[in-house]
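Q: Protein chains in written order, with our numbering: chain A, 417 to 757; chain B, 417 to 757.
Don't take every hint at face value.
Note: identical chains are not told apart, hence a pair may lie in one copy or across any two.
Here are the simulated DMTMM-like cross-link-like pairs (lysine to aspartate or glutamate), alpha carbons at most 25 angstroms apart as the crow flies [said to hold, decoys possible]:
#, residue 1, residue 2
1, K585, E636
2, K585, E633
3, K752, E578
4, K752, D471
5, K481, E753
6, K481, D605
Honestly, the hints are just simulated from the structure, not real lab data. As the structure is a prediction and not an experimental result, all values here were calculated from the model.
Number of protein chains: 2
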Amino acid sequence: MPAPHDAQTFALGDLVLQRGATLRGAHLAYRTWGRLNGDGSNAILVPTWYSSWHDQNEWMIGAGKALDPDVHFIVSPNMLGNGLSSSPSNTPQPYARGRFPSVTFVDQVEAQHALLTSLGVTSLALVTGSSMGAAQTYQWAVSHPEMVRRAAPIVGASKTSEHNQVFLKSLAQAMRTDAAFAGGEYLPDAPPLAGIRAFARIYAGWGLSQAFYWQREYLEMGFSSLEDFVVGFWEGYFLDGRDPNNLLTMLWTWQHGDVGLTPGFDGDTEAALRSIRCPVLAMPCRTDLYFPPEDEQWASQFIAQGEVRTIDSVYGHFAGLGLHAPDNEVIDTNLKELLSR
Amino acid sequence: MPAPHDAQTFALGDLVLQRGATLRGAHLAYRTWGRLNGDGSNAILVPTWYSSWHDQNEWMIGAGKALDPDVHFIVSPNMLGNGLSSSPSNTPQPYARGRFPSVTFVDQVEAQHALLTSLGVTSLALVTGSSMGAAQTYQWAVSHPEMVRRAAPIVGASKTSEHNQVFLKSLAQAMRTDAAFAGGEYLPDAPPLAGIRAFARIYAGWGLSQAFYWQREYLEMGFSSLEDFVVGFWEGYFLDGRDPNNLLTMLWTWQHGDVGLTPGFDGDTEAALRSIRCPVLAMPCRTDLYFPPEDEQWASQFIAQGEVRTIDSVYGHFAGLGLHAPDNEVIDTNLKELLSR
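Extracted from the complex, chain A is given alone in its bound form (with noise of 0.2 angstroms):
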């Protein structure tokens, strides 16, 4: 899976962060499906998940799908971060590599309304996105509720649990513990491959459940052992082009998540969802090891219009991904329903 080449590019200008730095002459990668229609009201945003380009988001679009080109016009902002839109690989020093500054799901909100506002873009029907596409599509209903229709976080939370960022420190610690990471400086022809197979050993255990390796689900998936489906799948995945650094600019967005960090809230999570005044229907996963139901039925409490429906699958948090069809089709019935209304 190289990176997609059919991106367009967003000038950002002098992009000032949450956290005080100033990415000057920052960018976004985004592309479109369909088109707006006269007032503007049609659109449909769906941003990307960690380390996954806005192609990965593709599986939720087309023709007869509840994101249907033919109807709506969807735009796919890949994340600060993700090596297409302005990230440590791709930016200029002093904040290349291992100096590009931290980014939360604020920042990633703000960049994508100019964006969107360029576009012509006057209200969301929905916002949907997937794990930290999730945590942009909530960012979205705290920050904006005045452009907010509908929305439907996939395998993702408004606040990024405890637990959770004990998963992330360990893989920032195996990425750190490869010598040859030297601080973010390694030279893009010798990145840390160990820390990297590493890295991608540890998200092989928490990305399926243990019933996705009892059942040896790998096998229909086309590989021919637990080693080969760690080595082919996994480790393959993540030495493809997603440089450490980027990855580790991704994850500091990713344990930081918290609604109650936007500006307005003083860190009140509660408060930033009471905010939220669209409809928001969440599917968790019943075994996603990281982002597990209880953590959205906590949030859903505070919503006023908040549903959720969990996914009955042993696909983990992969069920959000579009890796698995019945899933999929679980997702694309629940969005056609809710845009339905």
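Assemble chain B onto chain A, guided by the hints.
A: Just chain B, lined up with the frame of chain A:
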């Protein structure tokens, strides 16, 4: 928690291991409580769990508890590889450090069988242990059905599931990613500290449940924040005399756990479980992330007198390691009932 100094030593002589190596001049470190009765029938065996020493079984033992030294002769043998019994850290060359041979659960049980025979034990009223101690419990019931009258595996399994193996592979890879590990040939005064910290941080996510962290149970344990718990408890534990080669040796044993690999069963785990004659009371924890109750329910169906009683706790895997008084109570009550049969 420094290593205890109250162990006795049993000389195993030249120990021929299942995978072929001979560990010359091997020994077991062990401790006993109580006295063996006249016909050698009041013995209870309590093997150790991963990275632990025999003193970490003491929470199960005491007057009025199921394991009562006034009634029973209790023997706790340290696992080969744990630093007290023959291990990478205490074995001379050429099998020292990173070159220590692979040890299976069958090897562990045969070494313990030699010890018990030398002590005059003719049968075992009970074998019980937690985690890898549970694997040894199953192995005893398969290897020596003529000796084991009752078995109580706690938060462990008869076969290490593939998901569990993925977790273990990630731990090993993180340790080896530290260049200071040097293929296991690090000097005793220069252990791979970054690798140990990464190892500990991975473990932190798996050892306890999502709900444990959500409820911040670590505050009850005397830690002041999430990071204080990760450093103070997890890094502290693995930095305190747990030798990395020892850790990887025990990890190999764990990863290759499967009673079907007992000689005579040709890899047939179900047949090995069917050969168990004694009552087996398994106690998994509802929220255990790497030994989920499903593993035990699967095994139990093949054991004539098999039963599963799930511990309902948010302590995850650690519900079986003596850290949480209410869970200890549940285990003690179950063991008393089993011993009364």
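Q: With reference to the structure, classify each hint as holding or not holding.
A: A quick look at each hint next to the structure:
1. K585 to E636: Result: close only across copies, 22 angstroms inter versus 31 angstroms intra.
2. K585 to E633: For K585 and E633, the Cα distance is within 25 angstroms only across copies (19 angstroms; inside one copy 28 angstroms).
3. K752 to E578: For K752 and E578, the Cα distance exceeds 25 angstroms both inside one copy (33 angstroms) and across copies (37 angstroms).
4. K752 to D471: Result: close within a single copy only, 21 angstroms intra versus 59 angstroms inter.
5. K481 to E753: The answer is within: 11 angstroms in one copy meets 25 angstroms, while 58 angstroms across copies does not.
6. K481 to D605: Close neither inside one copy (41 angstroms) nor across copies (62 angstroms); limit 25 angstroms.
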